[in-house]
Amino acid sequence: MQCAQIQINHHYVGLWTGHDFHPQFPSFATCSKTELIDLSTVDVILISNYHCMMALPYITEHTGFTGTVYATEPTVQIGRLLMEELVNFIERVPKAQSASLWKNKDIQRLLPSPLKDAVEVSTWRRCYTMQEVNSALSKIQLVGYSQKIELFGAVQVTPLSSGYALGSSNWIIQSHYEKVSYVSGSSLLTTHPQPMDQASLKNSDVLVLTGLTQIPTANPDGMVGEFCSNLALTVRNGGNVLVPCYPSGVIYDLLECLYQYIDSAGLSNIPFYFISPVANSSLEFSQIFAEWLCHNKQTKVYLPEPPFPHAELIQTNKLRHYPSIHGDFSNDFRQPCVVFTGHPSLRFGDVVHFMELWGKSSLNTVIFTEPDFSYLEALAPYQPLAMKCIYCPIDTRLNFIQVSKLLKEVQPLHVVCPEQYTQPPPAQSHRMDLMIDCQPPAMSYRRAEVLALPFKRLFEKIEIMPELADSLVPMEIKPGISLATVSAVLHTKDNKHVLQPPPRPAPPTSGKKRKRASEDIPDCKVLKPLLSGSIPVEQFVQTLEKHGFSDVKVEDTAKGHIVLLQEAETLIQIEEDSTHIICDNDEMLRVRLRDLVLKFLQKF
Amino acid sequence: MPEIRVTPLGAGQDVGRSCILVSIGGKNVMLDCGMHMGFNDDRRFPDFSYITRNGRLTDFLDCVIISHFHLDHCGALPYFSEMVGYDGPIYMTHPTQAICPILLEDYRKIAVDKKGEANFFTSQMIKDCMKKVVAVHLHQTVQVDDELEIKAYYAGHVLGAAMFQIKVGSESVVYTGDYNMTPDRHLGAAWIDKCRPNLLITESTYATTIRDSKRCRERDFLKKVHETVERGGKVLIPVFALGRAQELCILLETFWERVNLKAPIYFSTGLTEKANHYYKLFITWTNQKIRKTFVQRNMFEFKHIKAFDRAFADNPGPMVVFATPGMLHAGQSLQIFRKWAGNEKNMVIMPGYCVQGTVGHKILSGQRKLEMEGRQVLEVKMQVEYMSFSAHADAKGIMQLVGQAEPESVLLVHGEAKKMEFLKQKIEQEFRLLPSAKKPRLLHGTLIMKDSSFQLVSSEQALKELGLAEHQLRFTCRVHLHDSRKEQETAARVYSHLKSVLKDHCVQHLPDGSVTVESILIQAAAHSEDPGTKVLLVSWTYQDEELGSYLTSLLKKGLPQAPS
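As given, the protein sequences belong to chains A and B, one line each in that order.
UniProt numbering applies: residue 1 is where the first sequence begins, and numbers increase by one.
UniProt numbering applies: residue 1 is where the second sequence begins, and numbers increase by one.
It should be emphasised that the hints constitute simulated quantities derived from the structure, not laboratory data.
Predicted, not measured: the structure shown is a model, and the values here were computed from it.
Backbone N, C-alpha and C define an ideal beta-carbon position, used for all residues, glycine too.
Fair warning: there could be bad hints in the mix.
[To be verified] Listed below are the simulated DSSO-like cross-link pairs for lysine-lysine, each with C-alpha atoms no more than 30 angstroms apart in a straight line:
(1) LYS115(B) / LYS202(A)
(2) LYS109(B) / LYS139(A)
(3) LYS603(A) / LYS450(B)
(4) LYS496(A) / LYS194(B)
(5) LYS148(A) / LYS289(B)
(6) LYS148(A) / LYS557(B)
(7) LYS461(A) / LYS194(B)
(8) LYS557(B) / LYS528(A)
(9) LYS300(A) / LYS109(B)
(10) LYS318(A) / LYS303(B)
(11) LYS478(A) / LYS109(B)
(12) LYS300(A) / LYS27(B)
(13) LYS381(B) / LYS396(B)
(14) LYS148(A) / LYS292(B)
(15) LYS303(B) / LYS300(A)
(16) LYS369(B) / LYS115(B)
(17) LYS300(A) / LYS131(B)
(18) LYS27(B) / LYS456(A)
(19) LYS528(A) / LYS464(B)
(20) LYS274(B) / LYS318(A)
(21) LYS478(A) / LYS424(B)
(22) LYS493(A) / LYS131(B)
(23) LYS603(A) / LYS148(A)
(24) LYS148(A) / LYS27(B)
(25) LYS109(B) / LYS224(B)
(26) LYS202(A) / LYS132(B)
(27) LYS148(A) / LYS224(B)
(28) LYS303(B) / LYS202(A)
(29) LYS300(A) / LYS127(B)
(30) LYS139(A) / LYS105(A)
(31) LYS292(B) / LYS396(B)
(32) LYS424(B) / LYS493(A)
(33) LYS300(A) / LYS289(B)
(34) LYS109(B) / LYS599(A)
[Said to hold, decoys possible] Label-pair ranges, simulated between beta-carbon atoms:
(35) PRO441(A) / CYS506(B): 32 to 40 angstroms
(36) GLU409(A) / SER123(B): 39 to 47 angstroms
(37) LEU442(B) / ASP470(A): 51 to 59 angstroms
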């Protein structure tokens, strides 16, 4: 069985949608091109959070993948919304032709960065369709936190809350004696999701660590404060605020902050618009996943009240949501206002419209909160810009201080992480604190590299039936260590092993039937235990004499002794770790001698 | 076999006050803690003295599990935890945790405020009791302690209803609580994986019924309601505030919309709006269809169904009223029933099971003269209809669940003895054969016991790990044969003889002239004195003792005459 874990990352590359190119997406699995992995042999895909499944349709629909995908319910529902928004944005700007000549290496070389540095552009693909999304999502099996999922009885996987987003998970992959933890996109801050489950990560043989913060130097709390004050300042001066964002995630926290901030900042009359094809769904869905939320929000549901205050913002008409800028929105639109809309790359979606609408006035402000994109690159096509740009990246994922705290807490035997986490960021090479520091040093991996994890499976769990356990005779070999020989029948079903007492020898058939010779042939499978110890010659000779052997003679040899029983023409060679009885075919005698020898030895 | 002990403290062979004690692998778990609606005395609660006569509840029980919020499954909880005294964990799902205290408070109010009962649990006790609750997610494996784990499965009986798997080591029990195997208008079907418990404890309320299709029952229900309303009668539907009520509301709402009826529909308690709010917030626990469409249209926001006021009961003209509680044993439903019972134009529809002793049970069993408080006799002229909408599995559903879980044994509870007997036979007929494991193999090894760790290794490995050397014990027997041929020929004869006798063994003739049977070596040598005799040296180790001994006695009998 092969059990692969694939983290799917999506990277949008700076393509200017409005003009020449149809947006395309780098192949997620360049590795399949280099034949590192045949996706049709993958049994299981574990999804960490809704940002990590954006390329799922590429795998489930076109690679021959037939395995199972596991994810939590919020991950699937919100992941669907993110994909739906993406598909919707892309389909709004249909292109009759898709440019491909630029992919020629000689032309690509001449293009501006980051295009000229992009790798394997020939494998880039067009965006999937909603049909493919639905088909991909139908292959997902829903799981709950701390659910133990048996994979073929061979290993068990368990999702744990990772504290980063609604339904986001870390995964434990374990057998009875080995444990690998996969920690991806985790947060120790208190925001809306259920807190990270750290305790269950303890005793890992290997901890794979990825999805750390993109902005290790920014403090999310400070950024939220800055976000609010900049927003208030702009609006008070009569300007508009544009917040490019994803339709789920940090936006819930921002709305909650604003909910508390609006009245004190005198913004009660400023309309907040949330524009996305999935805005309504996202706001509604956030309210029904109480079981996946932090404790405070969970208890609200018991009252019963909606867990997020944006319900009240909507009720009081302070927050309005629209599927797009067309239709109702154009009638309701009032300025100054605050607009939350996507896509945060500024390359497609309604945000493009607002950038062009508000870009020329210095009264307006665009506030970047999503950490996935460089804001300078995002803005490049819109330059020159008069509007103010504020960069408040809010990334709640683990920073390096939190990582070292976490590792101290859970103490894995080995840490495995991407190479870039084992050295300071290239732009800040003096910041030795911006890297993972642990003992033993983390093992790192690179793109398209195969890494062997440092453990071997040696043992399986086996169950001993009480009847068999009763029949065992332990003997203490050393203080505190006992041994018992076990002869039993091994039953294996679904990779579960059970030891049962061996079948009793069949009762002798009553004399009526003539015994056939073959029935007497002993079953060679009935094994005898191993022997250990050595035979003290003098005592052995004494014992022989006690048992009526009168003519015992002992000769010394290089390695031990030979005991001779002259009358019986029998010879017993005794050495440190072997005894050899050579005799005539006298079964009675042989058995007597055998039993005398066995008295001096231990059986295993 | 592992020992699992089950002691029903209630609802063994009846319905009401479900409470089952399970002892498994040295752990004691109490499943549900319900009350009986038909009694107003001590019999209303399970008999906890079974436990307390030997000590405190908290010392004895490792945990308590509540399957769903119906009072016959959780109604005794505050009495149990606050009045008898239990401080350990109580497990239930999130919706159950949210709704349970409301129903308990409702029940308390009826008992204390309306009936004036003393020595009942207080509101504060309900709150204190709920503080001991630990909420569980569906399919989450909850580690109660190092050895005891529990896991919830979807049961589809009411919002948040769950079946529980209780597991200690390799022993496990599944307790179904109440469940439903057919999805309805607002809930999904119960589901469990092939967890192969040692014991499945299943409810059997409808053990002998194979219910007709849901659609037929719905059509019947709507037809009866419609006819009554058409002729100007009033329809009373006693329900519990949460559960069946929502399903029937959805049903009537869509019907009123479609047929364009004008008669008012009321829902009695103030709980409705709150109840519907719970359904909205816990929409992930409802069925696929509702979950899929809730963003566009919330099924629990009703246009035609309005809040009921006591004064409305005397209004002239037709109406439909949903009133609590569901078994007509107290409260508003009983009040309305008394008002309307005398008019044959009216109708009461009982949509669920009624336990013995309740007014609901009496009228369903045909009683038409009821003795009320104060020796009043109430004559029932209104039509009484029973429609089984309560979401229990029927016989087919129970068999289906048994098939899904593949238990070693099945225990039927929460039903009537006679019906159980019938179902018992059916289960025994159908599930006698379980698929067998792969061909078992004989295994030999050594169990190393060190402190509390046990390792089963090969004997060689065990010796090595303990730093001991193996002592080899070998036997060589001389067998004399009368054979004047050459040694090589003797060996060849021995080979062909053994080959023909020992068909299941590996017999080989090696190039150096010796013969092996498995690892036993046989060599032929000339006799030093008698040329007509050959000596066979048969050599084996102690591990081959049986076979070696057998071979020597076999060879001693001589070889068969060589074929000429």
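Practice item. Could you grab the alpha-carbon distance between LYS27(B) and LYS456(A) and see if it respects the 30 angstroms cut-off? Key: Not OK: LYS27(B) and LYS456(A) at ~35 angstroms, beyond 30 angstroms, violated.
Review point. Given the hint that LYS148(A) pairs with LYS224(B), does the C-alpha gap stay at or below 30 angstroms?
Key: 48 angstroms, violated
Exercise for review: Starting from the hint 51 to 59 angstroms, judge whether the C-beta atoms of LEU442(B) and ASP470(A) obey it.
Suggested key: 19 angstroms, violated
Check your understanding: Is LYS300(A) within 30 angstroms of LYS127(B), Cα to Cα?
Key -> 16 angstroms, holds
Check your understanding: Does LYS478(A) pair with LYS424(B) here, judged by a C-alpha cut-off of 30 angstroms?
Key -> At roughly 54 angstroms apart (the allowed maximum being 30 angstroms), LYS424(B) and LYS478(A) break the hint.
Point to revise | Pairwise hint evaluation, LYS292(B) against LYS148(A), where the allowed Cα distance is 30 angstroms at most | key: Holds. LYS148(A) to LYS292(B) sits at ~27 angstroms (cutoff 30 angstroms).
Check your understanding: Holds or violated: LYS424(B) with LYS493(A), Cα cutoff 30 angstroms?
Key -> 28 angstroms, holds
**Study point:** Hint consistency between LYS493(A) and LYS131(B) [alpha-carbon to alpha-carbon, up to 30 angstroms]
**Key:** Answer violated: LYS493(A) to LYS131(B) is near 43 angstroms, above 30 angstroms.
Review point. Can the restraint linking LYS381(B) and LYS396(B) be considered satisfied, given a maximum Cα separation of 30 angstroms?
Key: 36 angstroms, violated
Point to revise | Hint consistency between LYS603(A) and LYS450(B) [alpha-carbon to alpha-carbon, up to 30 angstroms] | key: At roughly 18 angstroms apart (the allowed maximum being 30 angstroms), LYS450(B) and LYS603(A) satisfy the hint.
Check your understanding: Are the Cα positions of LYS318(A) and LYS303(B) separated by 30 angstroms at most?
Key -> Holds, at roughly 27 angstroms.
Exercise for review: With a cut-off of 30 angstroms on the C-alpha distance, tell me whether LYS115(B) and LYS202(A) pass.
Suggested key: Since the Cα atoms of LYS115(B) and LYS202(A) sit roughly 55 angstroms apart, the hinted pair is violated (cutoff 30 angstroms).
Comparing the model with each earlier hint shows violations of hints 1, 2, 6, 11, 12, 13, 18, 21, 22, 23, 25, 27, 28, 30, 34, 35 and 37; every other hint is respected.
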